[in-house]
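My request is simple: use the sequences and hints to build the entire structure.
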Amino acid sequence: DTAVSQTPKYLVTQMGNDKSIKCEQNLGHDTMYWYKQDSKKFLKIMFSYNNKELIINETVPNRFSPKSPDKAHLNLHINSLELGDSAVYFCASSHGASAMQFFGPGTRLTVL
Amino acid sequence: DQQVKQNSPSLSVQEGRISILNCDYTNSMFDYFLWYKKYPAEGPTFLISISSIKDKNEDGRFTVFLNKSAKHLSLHIVPSQPGDSAVYFCAASGGSGSEKLVFGKGTKLTVNP
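Chain order of the listed sequences is S and E. Counting from 1, one number per residue, gives the positions in the first sequence under my numbering. Counting from 1, one number per residue, gives the positions in the second sequence under my numbering.
Careful: at least some of the hints might be erroneous.
Computed list of lysine-lysine pairs in DSS-like fashion (alpha-carbon distance at most 27 Å, straight line) [claimed, not checked]:
(1) Lys100/E x Lys37/E
(2) Lys100/E x Lys40/S
(3) Lys22/S x Lys71/S
(4) Lys9/S x Lys68/E
(5) Lys108/E x Lys68/E
(6) Lys36/S x Lys5/E
(7) Lys44/S x Lys100/E
(8) Lys100/E x Lys71/S
(9) Lys100/E x Lys68/E
Distance windows between CB atoms, simulated [what the hints assert, rightly or not]:
(10) Glu42/E x Ile55/S: 23 to 31 Å
(11) Ser98/S x Asn27/E: 15 to 23 Å
(12) Gln3/E x Ser20/S: 24 to 32 Å
(13) Ala3/S x Asn57/E: 38 to 46 Å
(14) Asn57/E x Gln14/S: 42 to 50 Å
(15) Val78/E x Asn26/S: 33 to 41 Å
(16) His76/E x His73/S: 35 to 43 Å
(17) His73/S x Gln3/E: 25 to 33 Å
(18) Asp38/S x Asn27/E: 15 to 23 Å
(19) Ala3/S x Asn7/E: 41 to 49 Å
(20) Ser69/E x Pro69/S: 43 to 51 Å
(21) Ser69/E x Gln14/S: 47 to 55 Å
(22) Asn51/S x Met29/E: 22 to 30 Å
These aren't lab readings, by the way, just hints derived from the structure by calculation. In this text, a Cβ means the ideal position worked out from N, Cα and C, and glycines have one as well.
As structure tokens, this is what we get:
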């Protein structure tokens, strides 16, 4: 009974490809997030959705497009992948706009 | 521009002793601070938090201290156990958009048996 799950766990792809990462939470939370942990180990917020509406959109290239089909899902689609997109991507959720967030296990994306 | 800094990338302590992990922040708008613990190949898990109206919060073996004037917080683990070995992230939120967490780079704690 995983609280926040992400698929796939590992993703290896070529530059220029388009890929998606899926996230699902079964905690009944209404706010979901995407974070990126880069090679320098910084965890930085990318997007936040509350009740399927975008509430945080950091300075992220528009090649990244989050999609929230319902409150329990927040997917991340990345177009025209670049080498610099290689990172670990974490999905998280919370009840309302809360700093107490529950994280998924991460998706390690490697762009060759 | 690192708003949350963890200047020690690693810390090694003996089992049973105290572990002290430090964190500094620069943004005076932060009003809520959290520590997350992360094992390899897993996501961060919430450990303990503190509001800026307090200077101490305790939960079992874990205590977080906040010094607002110095913009400094620390996590104390007493006694340290081998299972505490993990990366500890300090995070802060507040100001506009309280759900936006700003993380430090993390400190890798190793507790030796």
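**Report entry** Earlier hints that do not hold, by number
**Finding:** 4, 13 and 19
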